[in-house]
Amino acid sequence: MVVDVAYAKGPALRYLSHLELMRAFERAVRRAGVPVEHSQGFNPRPKITHASALAVGMSSEVERAWLVLSRPMAVAEVQRRLTGACPDGLQIIAVRQALTGTKPPYGQFDRAEYRIELPETQRVGPELEARIAELLARREISIMREKDGQARCVDIRPFVESLQATDCGLRLVLAFGEGGQAKPVEVLAALGLWSPGEPVPWIHRTALFAHRQRSKGSLRRR
Amino acid sequence: MTPIPDELLSLVQKPARYIGREWNAIVKDPRGAALRWALCFPDIYDVGIAHLGLRVLYHILNQVEDVVCERVFLPWPDYRALLESTGSPLCSLENQLPLDTFDVVGFSLQYELSYPAVLEMLRLGGIAARARDRGERDPLVIAGGPCALNPEPLADFLDAVCLGDGEDVVLEITECVRQGRSAGAGRGELLRELARIEGLYVPGLYSVEYGADGRVRCIEPQSGVPPVVTRRFVRDLDAAAFPTRPIVPYVEAVHDRVAIEVSRGCTRGCRFCHAGMTYRPVRERTPDTIVRLARESIDATGYDEVSLLSLSTADYSQIEPLCDALLEEFDGQHVSLSLPSLRVDSFSVALCEKVSRVRKSGITLAPEAGTQRLRDVINKPVTDSHIEEAVRAAFAAGHQSVKAYFMIGLPTETEADLEGIIGVLEHIRRLADAMKVRRRGPVVNVSLATFVPKPHTPFQWEPMTPIEEARRRQRFVVNGASPKHFRVRWHDAEQGLVEAILARGDRRLGPVLQRVAGAGGGMEAWSEYFSLERWLAAMDAERLDPRLYAGEWPENATLPWDHLSTGVRREFLLGERRRSRQGVTTPDCRVDGCQGCGGFCENGR
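Quick mapping for you: the protein sequence lines, in order, are chains A and B.
Here the working numbering is used: the first residue of the first sequence is 1, the next is one more, and so on.
Here the working numbering is used: the first residue of the second sequence is 223, the next is one more, and so on.
Hints are computed from structural coordinates only; laboratory data are not their basis.
Note that beta-carbon positions come from the ideal geometry of N, C-alpha and C, so glycine has one too.
Treat the hints with caution; some may be incorrect.
Below are the SDA-like pairs computed for lysine to any residue, each with C-alpha atoms no more than 25 Å apart in a straight line [as the list claims (entries may be wrong)]:
(1) B:K576 to A:R45
(2) A:K103 to A:E134
(3) B:K250 to A:G89
(4) A:K103 to A:P196
(5) B:K576 to A:F42
(6) A:K183 to B:D228
(7) A:K147 to A:K183
(8) B:K576 to A:A98
(9) A:K47 to B:K250
(10) A:K47 to A:E127
(11) A:K183 to A:P196
(12) A:K47 to A:A98
(13) A:K103 to B:H556
(14) A:K47 to B:E551
(15) B:K582 to A:M22
Listed next, the stretches of chain A that the computed footprint assigns to chain B, with coverage defined by at least 3 CB atoms under 8 Å from CB atoms of chain B [said to hold, decoys possible]:
(16) 44-58
(17) 76-89
(18) 150-162
Restraint ranges, calculated between C-beta atoms of paired labels, are given here [as the list claims (entries may be wrong)]:
(19) B:D251 to A:S70: 22 to 30 Å
(20) A:P119 to B:G620: 55 to 63 Å
(21) A:N43 to B:R243: 23 to 31 Å
(22) B:Q594 to A:R152: 40 to 48 Å
(23) B:E637 to A:G197: 49 to 57 Å
(24) B:E306 to A:Q164: 32 to 40 Å
(25) A:Q108 to B:A303: 55 to 63 Å
(26) B:A303 to A:C153: 30 to 38 Å
(27) A:Q164 to B:L754: 41 to 49 Å
(28) B:P562 to A:G197: 39 to 47 Å
(29) A:C153 to B:R697: 25 to 33 Å
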């Protein structure tokens with residue numbers, strides 16, 4: 001039996017890294033006594049798959065985890081047990097049964113929506129609107145990324161789906177997939193609202209979208 | 223909420239170190255509390271959160287209804303810089319209370335090089351460094367742990383020091399302070415009351431004089447104060463409190479698992495070993511208690527590993543029935559068992575194999591010295607045939623390599639002993655070849671430590687090998703051990719030298735610690751932040767000679783810790799030192815009867 005768990009990484013735990021969150025989740029599952037199957041080998045691991053990785057500092061209300069159970073348990077019971085075993089900031093939203101034998105459907109997610117809380121001085125106003133309009137009008141947004149000490153230039157424009165000013169800051173939709181991805185802070189940097197070494201505003205993931213009709217290759221890096 | 227604005231946490235590495243809110247953390251309302259205790263660990267979260275003593279005291283103190291006990295760790299330099307730039311104080315994790323708002327601030331002293339971190343935490347927490355500069359409402363700063371058995375370098379900064387096991391003493395301190403506060407006692411009066419608690423040492427009530435030879439001449443207690451303070455110990459370990467709801471950290475800790483202390487103390491009598499001399503007598507928990515504690519802890523934490531802690535786990539009197547019971551208890555539940563601190567023999571390897579049913583762990587052997595002669599000198603009861611049988615058993619069980627710990631710089635060590643280390647390694651390699659061990663990497667991972675003389679041990683008078691000579695000896699072993707078969711790691715002797723100075727230090731090192739903390743920020747335990755020059759410059763500025771501390775001590779010298787007793791008699795330590803010079807070993811009293819150490823044992827002479 002396989003269950004698909006929808007959960008939230010609340011603001012209280014937003015400074016956990018992905019690895020730390022996965023470990024906290026795994027321990028909650030063990031405390032809950034939800035029977036999870038383990039891999040074989042020298043170091044057996046529980047079969048838990050998370051939909052996506054959230055950066056340190058980011059919270060989310062739309063995370064998902066795929067649990068392969070070693071014996072059946074009613075989903076309501078799984079939810080009740082998990083809820084009682086989770087620390088503040090890790091909230092179980094829903095548990096659904098998935099078809100046994102299928103792989104997690106998380107690969108179909110290809111867009112995420114973010115809420116970015118900007119300092120009051122940067123919020124709504126003609127200045128912010130102008131920056132957004134200018135950014136969206138660009139055909140290319142080149143940013144520098146560092147990997148293994150090597151800096152390289154990447155165009156993140158193809159991944160910026162939409163960007164709007166809201167009461168508290170910004171609403172941003174970013175695409176991701178095999179062609180690459182953009183990080184929310186990179187968009188903030190391109191907007192001139194953040195630069196490396198400055199505190200990062202609170203970024204909260206509000207939605208994951210799947211299966212959008214689109215022409216192949218539209219996400220390819222230029 | 224941390225004391226700094228939430229967004230600023232995005233600027234530090236591993237911000238989850240600072241957020242608290244872990245599973246099983248105890249967050250009480252501090253407003254109604256009669257007494258606030260801060261338990262401080264003078265190293266970063268990742269190290270301190272794994273410390274068992276802290277876990278035990280945290281739970282004992284929080285069990286008292288009107289006591290609030292919270293944790294404080296040394297911040298990494300990036301977070302410290304944020305505290306300073308925002309003008310925020312160092313705070314506890316549970317309720318983010320500034321350190322100076324606590325009634326009692328207790329430090330755990332595990333490692334000499336963390337002493338500057340104590341001063342740094344006091345400074346960041348807004349507490350006056352020197353005990354005598356603290357006012358009536360300032361916290362009482364106390365310390366405990368193994369290094370507290372010679373706390374003299376920190377004497378100026380500590381109001382009181384707990385010698386030995388802390389389980390009972392923390393409650394007695396709580397009661398004493400509570401009563402003193404309600405009776406309106408002044409600070410001086412309270413310190414005198416604290417000095418009446420057995421095992422509690424109040425350094426300010428003793429004065430130290432120094433002789434023309436640069437050493438301590440005498441240690442004088444004020445009137446009415448005990449001339450010798452003797453270590454406390456818990457006689458019935460099985461009945462002692464043990465937390466079964468330990469805090470589960472978000473950040474990966476250095477030891478991230480359930481740890482159950484199966485026994486305390488060791489009487490094997492290795493002459494260099496501080497723990498072996500200072501935790502006597504041996505006390506054990508019963509297998510039933512251990513299985514219950516392990517079960518409750520696993521259920522309450524979600525950990526998947528139980529580690530059995532002791533100074534020598536294979537010496538636990540019922541180790542086989544215990545392992546069987548634990549294997550049965552956790553059968554099919556993906557909970558692995560680990561046994562650190564094993565002996566060098568086939569029994570230990572077999573035990574290790576037996577318990578690694580769920581996850582396989584490596585085999586670690588600690589012969590410490592390369593020749594039988596030197597192992598007799600240090601009283602390490604390991605023979606070449608023990609090593610051979612252990613290694614054979616490990617390879618037969620399918621291991622491709624073993625880990626081996628050696629020390630260089632032990633008393634009487636010669637080049638023959640260094641060649642002996644290489645000989646042991648070559649012997650292990652030949653065994654591996656003969657047994658056709660298939661391997662990709664090195665057959666032995668070797669760790670070379672430098673001997674550091676410790677107080678309260680038979681080697682407390684021995685010299686520390688000078689740095690250049692220690693390096694030469696390390697190079698000798700490294701060059702003699704083929705990198706194709708052996709990977710040798712070593713600890714640089716520079717940190718060892720400072721460890722030796724502080725371990726046998728006196729109160730004149732207080733200002734040295736202040737200088738080092740001020741210049742280096744308290745990260746001396748971290749090799750990338752450690753600077754020997756900083757220490758030597760500070761000692762030079764205080765006109766102190768490192769050689770006086772690190773060299774050989776005369777047997778008739780007054781030791782800076784002569785007024786602090788572990789129970790083990792000075793004559794026993796001296797006798798052991800003499801026997802070491804004659805190459806005479808002393809057996810384990812559990813096997814061969816009382817050896818007369820004086821370590822509080824019921825059967826002792």
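Evaluated hints:
With a C-alpha separation of about 20 Å, the suggested pairing of K576 (chain B) with R45 (chain A) holds against the 25 Å cut-off. Taken as a hint, the K103 (chain A) and E134 (chain A) pair is broken in the structure, with Cα atoms around 42 Å apart against an allowance of 25 Å. As the CA atoms of K250 (chain B) and G89 (chain A) are separated by approximately 19 Å, the hinted pair is consistent with the 25 Å bound. Proposed proximity of K103 (chain A) and P196 (chain A) is contradicted: the alpha carbons are some 38 Å apart, above 25 Å.
For the suggested pair K576 (chain B) and F42 (chain A), the alpha carbons sit about 14 Å apart, so the restraint of at most 25 Å is met. Between K183 (chain A) and D228 (chain B) the alpha-carbon distance is near 21 Å, which keeps this suggested pair within the 25 Å criterion. Between K147 (chain A) and K183 (chain A) the CA atoms are separated by roughly 14 Å; this keeps the pair inside 25 Å, and the hint holds. Restraint check: the Cα-Cα separation between K576 (chain B) and A98 (chain A) comes to about 38 Å, which exceeds 25 Å; the hinted pair is violated.
At most 25 Å may separate the alpha-carbon atoms for a hinted pair to count; K47 (chain A) and K250 (chain B) exceed this at roughly 36 Å. Restraint check for K47 (chain A) and E127 (chain A): the C-alpha separation of about 49 Å exceeds 25 Å, so the hint is violated. Straight-line distance between C-alpha atoms of K183 (chain A) and P196 (chain A) comes to about 13 Å, which keeps the hinted pair within the 25 Å bound. For the hint pairing K47 (chain A) with A98 (chain A), the CA-to-CA distance comes to about 14 Å; that is within 25 Å, so the pair holds.
Taken as a hint, the K103 (chain A) and H556 (chain B) pair is honoured in the structure, with Cα atoms around 24 Å apart against an allowance of 25 Å. Taking the CA atoms of K47 (chain A) and E551 (chain B), the gap is near 23 Å; set against the 25 Å cutoff, the hint holds. Proximity of K582 (chain B) to M22 (chain A) is assessed by CA-CA distance (about 23 Å); at most 25 Å being required, the pair is judged to hold. Coverage of the stretch 44-58 of chain A by chain B holds. Counting CB-CB distances below 8 Å, 4 residues qualify, and the rule asks for three or more.
Only residues whose C-beta sits within less than 8 Å of a C-beta in chain B count toward coverage, and the stretch 76-89 of chain A has 4 of them, enough to reach three; the restraint holds. As drawn, the stretch 150-162 of chain A meets chain B at 0 residues by the rule of a beta-carbon pair under 8 Å; below three, the given contact is violated. A beta carbon spacing of about 41 Å between D251 (chain B) and S70 (chain A) contradicts the range 22 to 30 Å that was offered as a hint. Range check, P119 (chain A) to G620 (chain B): Cβ separation about 59 Å, and the 55 to 63 Å hint holds.
A beta carbon spacing of about 29 Å between N43 (chain A) and R243 (chain B) agrees with the range 23 to 31 Å that was offered as a hint. For the hinted restraint 40 to 48 Å between Q594 (chain B) and R152 (chain A), the CB-CB distance of approximately 60 Å leaves it violated. Checking the proposed 49 to 57 Å range against E637 (chain B) and G197 (chain A) shows it holds: the Cβ atoms sit about 54 Å from each other. For E306 (chain B) and Q164 (chain A), the Cβ-Cβ distance of about 39 Å falls inside the hinted range of 32 to 40 Å, so the restraint holds.
Evaluation of the 55 to 63 Å hint for Q108 (chain A) and A303 (chain B) yields a failure: the beta carbon distance comes to about 44 Å. Range check, A303 (chain B) to C153 (chain A): Cβ separation about 32 Å, and the 30 to 38 Å hint holds. Checked against the hint of 41 to 49 Å, the pair Q164 (chain A) and L754 (chain B) fails, with Cβ atoms roughly 58 Å apart. Judged by the Cβ atoms, the range 39 to 47 Å given for P562 (chain B) and G197 (chain A) holds: they are separated by roughly 42 Å.
Range check, C153 (chain A) to R697 (chain B): about 47 Å between beta-carbon atoms, so the 25 to 33 Å window is missed.
Hints 2, 4, 8, 9, 10, 18, 19, 22, 25, 27 and 29, counting from the list given before, are not met by this structure.
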